[in-house]
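> Chain residues, written in single-letter form:
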Amino acid sequence: MKKVRIYKKYERFWHWTQAVLILSLAVTGFEVHGSYDILGYQDAVLIHRNLAWAFMILIIFTLFWNMVTGEWRQYIPSTKMIKAQIEYYITGIFRNAPHPTRKTVYNKFNPLQRLTYLGLRVLIIPVVVFSGLIYMYYSLIIERQIGTPLEPIAYVHTIGAFLLIGFVIMHIYLTTTGHKPLSAIKAMLSGWEEMSDEDAEIALEENLKVAMIESRKSISGKGSIEKEHMFEKAFEEATDSLGIETESTRLREKLLESNVGYFRINKDGFYEEVNDAWLKLYKCAIKEDVIGSHYSLNRTPEDKKKIETFVNRVLSGETLSGERVSRVCTDGSIGYYTVSAKPYFKDGKIAGLEGFIIDITEQVKAEMELERKLEMEHKYHDFYKKISESEGVGYFRIDKDGFYQDVNDTWLKLYKYNEKDKIIGKHYSLSRTKEDFVELKKSVEKVLQGETIPFGETRRHCKDGTVGYHTITMTPVYEDDKIVGFEGFIVDITAKKEAENELRKKQK
Amino acid sequence: MKEFIKFIFVVLVPISIIMIITVEYNGDLDRDYYATSKIKIQKKVIPVDHSKFEVLQKDFKKPQEITEACLSCHNGRGKEFMKTEHWQWHNMDSVAGKGYEDLGKRNILNNFCIGVNANEKLCSLCHAGYGYGDKNFDFHNQNNIDCLVCHDKTGTYKKSKPGTGPNTGSGNPSPKVDLQKVVQSIGLPQRNNCGTCHYKGGGGNNVKHGDLEMALNKCTRDVDVHMAYDKKNMQCTDCHETHNHKISGQLYTVSSSNKNKVTCEKCHTATPHKSKLLNNHYEQIACQTCHIPVYAKVNPTKIYWDWSTAGKLKDGKPYTEWSKDKLHEYDSKHGTAVFGKNLKPDYVWFNGTADHHLIDEKIADTSQPLVLNKLFGSYKDNVKPSDSSHRSKIWPVKIMKGKQIYDPVNKLLIQPKLVGSKGSGAYWADFDWNASAKKGMEYIGLPYSGKYAFIKTEGFWPINHMVSPSDKSLSCTECHSKDGRLQKPNDFYLPGRNYSSIIDTGGIIFMLLVLLGVIIHGFMRIVSSKKTQH
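Just so you know, the protein sequences line up as chains A and B, in that order.
If you count the first sequence from 1, you need to add 301 to reach the working numbering.
If you count the second sequence from 1, you need to add 945 to reach the working numbering.
Keep in mind that a hint or two might mislead.
[Stated by the list, open to error] No more than 20 Å apart at the CA atoms, straight line, and that leaves these computed lysine to aspartate or glutamate pairs for EDC-like:
1) B:Lys1427 to A:Asp338
2) B:Lys1346 to B:Asp1300
3) A:Lys487 to B:Glu948
4) B:Lys1257 to B:Asp1276
5) B:Lys1427 to A:Glu452
6) B:Lys951 to A:Glu495
7) B:Lys1329 to A:Glu452
8) B:Lys1417 to A:Asp344
9) A:Lys764 to A:Asp737
10) B:Lys1427 to A:Asp344
11) A:Lys568 to A:Asp590
12) A:Lys310 to B:Glu948
13) B:Lys1221 to A:Asp344
14) B:Lys1325 to A:Glu452
15) A:Lys481 to B:Glu948
16) B:Lys1433 to A:Glu452
17) B:Lys985 to B:Asp1175
18) B:Lys1204 to B:Asp1183
19) B:Lys1396 to B:Asp1375
20) B:Lys1219 to A:Asp344
21) B:Lys951 to A:Glu619
22) A:Lys309 to B:Glu948
Derived from the structure by calculation, the hints contain no laboratory data.
Between the sequences and the hints, there should be enough to build the whole structure, so can you do that?
Written as structure tokens, this is what we have:
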């Protein structure tokens, strides 16, 4: 049995506050309804009103939280697996069959829950809240100005209350269907849910995968540096999940296999383990050269200091993520990556740190160049010369009628062309589907009016018929102050897109 | 441990704070709250010793001489007083749907002693004048004003019943009264002065109103917070402000329009409670409704009067019989009566105007109880009101029920002649309804077919006095509950009282079904898990 982090702090706060509020509202509400006499009528009315305001404030906060964190996506209804879920509750549960869906931090609800909670949030709770508000101000506003009788308003409010109580009964009962009868309630209290080993392993992987994708998205997405905290956040969740329960080798193996650069450093600062991706990023061909060497090797002086504090902090027990550092590769070039690390334990003591790095060199370079170019007005041609020589970035120039004038080798590689001549003079619509072309055309028109579009996402059709994804940056080309065409660069993000699609498939 | 601490800070502490705030926070405090302690009662005194005046040092032979003496100094007061209803006993007032009608004691029938006409000799026991013995009384002679009945401070002044001595009845003073003494101790009216008449309407203490009776002369706060002799000790005129002998206030048993009212909010304002929630009630609930939870607190009041059983005699003589609890009476003169004590009022919507069954008005439906003074108003007055100051409020009333004589042919209520000597046709002497009805109707100039019967009637008496201390006023659930006292009026949705039985029953069945489903499902899970283990 293992524990997996499922619920965030705010969610736990919100859930239990809402639970207490709804129950107290029911107790006081039915007293106002005349069902019994507990608190005294006047107190019941006043407390019911205060509770109602607290509830409305909580709803607004939660709405905001859901919007900002994107958690609202958890409520998007899906019909897949709904039959399986119903069948599970009707028959499977008695045969001790496994749950048809799994709970992860990024997909907490099964399809039945999604439907129920969505119904609660967009239908029942709003109806109860609005009828309650009207009820509260009835004699001051409605009766005087509109004249609607109180009766139907009170009836709607009462019906809503009964439905909510029905929900609460069902909800409490269904919490007992977890790994153990009390697992779900414990999870809602502590944030960590007990699961069988197998389920936990899968849930952890899911959590990690999403964290990775989120982080990549934030780095290569729109080129904005500010978005980095999103990555930190996502990674924190993931490492947090890794933190306590998993001495799981399987997970580490996964990391080692992945194209994320993995490393482990012992407490004295010497590399103990790196994976192939890491070696590739550092351009060190031989693993043996790295293992046993000190991490401060091959750093620029300013970075050395930065990394030192980073390592020391992690060794003192912190988990850090998204730190942006540069490296001097073995071939002398400078690269950029983000590093995330956490301490790892042996016999309850910190034995070193491990973590992963994500390469953002091309991105950073492009960003830096673009910033410089934007600073130096439009006519800085040197930029594109540099870009066209770059290996990771595809360069192109198109005239104002849409025909290719120039592309570089990386561009050809990405589009899977063998020769330059095959594309020069062709229209850019060639490598698009119709809808993609319409989208792109809008952007092109903007660029031809003088705008620069940085890091848009688009899809390409390669020569061999495969589909790829890249970010695209476009700026106009000037000749005697007239726009004669546009040029730009593309950075491939196919791998990331595929990972995302795969995940989406899995979720479904 | 760490998890537990986290749980405390993430869940327990915020919830506790929120719950403490929601329970403790009083968002209900009304900033316009007007405390009772701010109200000042001004006590008036007359800085004059009337016993020193020479004009009053006479041996008065006739009561009219006293009035003359009074008016010799208080000139103009006589004319002034003769304009008031206490003198005129009639009152022009507009009745909705009927027009400008002559109401007042002289023109209205009730279901107690029915009417003044033909019975003035006894009824004028309460007239502020001397000699009102029949309809020929000179209402323009100011010497006939009875100053003493209101201004006597000795408490010994009394009017006489007819036939108790020479020159008695018709509002003349009792021969036993030492007029000399009374005249020399004159002052502003006290509770007992007003009470002489207003306590004893209907033939005895508290019979009529139910909220006005002799006990108020010396009562505790529990009976009436304003008049409690050991506390505020307020006099009638402290509220019923009086200018030029015109006393403010009116009752809807003899008047009909929304004017000249004495209101609680004149002193207490419309926001007398600290609680907004309570002050919001002001718009639809009369103060009296909550603050007079019961009336007839000390002595019983008459609530039912059946004239139709009157006239039984024992050995040819009228008699009176009381039940043991002193709440049921049979009297040969009056018929059957029921009294009640500590009564919960009935409640009606009331917008300040009332209808009246006029003396010459045909009874539309003799199969239903005839309402003598219907109080107008309904909840609808308050829904989108065109004039929001003219709202209806729920008001406490005493509903006086009775059976009284009427003419089934002409469909008129009958004014019987009750008072008189044997052979005069007076019912209380001859016990002959036919003669009594004939004489009475003849007296007021209305036709009588020669046939009489009895009809059920109802009179509505708004309750205004005997205000209880605040801790005795109605609690919320007295009305806001399913079996509370406010069963009527029920033309609106009252939280706590009204509910839809379909929704409530449906809701409970729904909850039980869910619970049952859950129990069955859980039970099956337990059983099946045991099976798979074995």
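> Now tell me if each hint is right for this structure.
Here is how each hint holds up against the structure:
The straight-line distance between the Cα atoms of lysine 1427 (chain B) and aspartate 338 (chain A) is roughly 11 Å, inside the 20 Å bound, and the hint therefore holds. Note on lysine 1346 (chain B) and aspartate 1300 (chain B): the hinted pairing holds, with a Cα-Cα distance of about 17 Å set against a maximum of 20 Å. As the CA atoms of lysine 487 (chain A) and glutamate 948 (chain B) are separated by approximately 10 Å, the hinted pair is consistent with the 20 Å bound. Only pairs whose Cα atoms come within 20 Å are accepted, and lysine 1257 (chain B) paired with aspartate 1276 (chain B) is accepted, the gap being roughly 8 Å.
Annotation: proposed proximity of lysine 1427 (chain B) to glutamate 452 (chain A) holds, straight-line Cα distance about 15 Å (limit 20 Å). Of the pairs offered as hints, the one joining lysine 951 (chain B) and glutamate 495 (chain A) holds, with about 17 Å between alpha carbons and a cut-off of 20 Å not exceeded. Taking the CA atoms of lysine 1329 (chain B) and glutamate 452 (chain A), the gap is near 16 Å; set against the 20 Å cutoff, the hint holds. Distance check on the hinted pair: lysine 1417 (chain B) and aspartate 344 (chain A) sit about 18 Å apart at the alpha-carbon level, within 20 Å; holds.
A hinted pair counts as satisfied when its Cα atoms are at most 20 Å apart, and lysine 764 (chain A) with aspartate 737 (chain A) qualifies at roughly 16 Å. At most 20 Å may separate the alpha-carbon atoms for a hinted pair to count; lysine 1427 (chain B) and aspartate 344 (chain A) meet this at roughly 18 Å. Between lysine 568 (chain A) and aspartate 590 (chain A), the direct Cα distance comes to roughly 19 Å. Compliance with the 20 Å bound is thereby established for this hinted pair. Between lysine 310 (chain A) and glutamate 948 (chain B), the direct Cα distance comes to roughly 12 Å. Compliance with the 20 Å bound is thereby established for this hinted pair.
Straight-line distance between C-alpha atoms of lysine 1221 (chain B) and aspartate 344 (chain A) comes to about 13 Å, which keeps the hinted pair within the 20 Å bound. For the given pair, lysine 1325 (chain B) sits about 14 Å from glutamate 452 (chain A) by alpha-carbon distance, which is consistent with the 20 Å threshold. Annotation: proposed proximity of lysine 481 (chain A) to glutamate 948 (chain B) holds, straight-line Cα distance about 19 Å (limit 20 Å). Distance check on the hinted pair: lysine 1433 (chain B) and glutamate 452 (chain A) sit about 16 Å apart at the alpha-carbon level, within 20 Å; holds.
Restraint check for lysine 985 (chain B) and aspartate 1175 (chain B): satisfied, since their Cα atoms lie roughly 17 Å apart, inside the 20 Å limit. Proposed proximity of lysine 1204 (chain B) and aspartate 1183 (chain B) is supported: the alpha carbons are some 19 Å apart, at most 20 Å. The suggested pairing of lysine 1396 (chain B) with aspartate 1375 (chain B) holds, with an alpha-carbon distance near 18 Å, which does not exceed 20 Å. Our distance criterion of 20 Å between C-alpha atoms is met by lysine 1219 (chain B) and aspartate 344 (chain A), whose separation comes to about 14 Å.
Between lysine 951 (chain B) and glutamate 619 (chain A), the direct Cα distance comes to roughly 18 Å. Compliance with the 20 Å bound is thereby established for this hinted pair. For the suggested pair lysine 309 (chain A) and glutamate 948 (chain B), the alpha carbons sit about 13 Å apart, so the restraint of at most 20 Å is met.
When each numbered hint is compared with the structure, no violation occurs for any of them.
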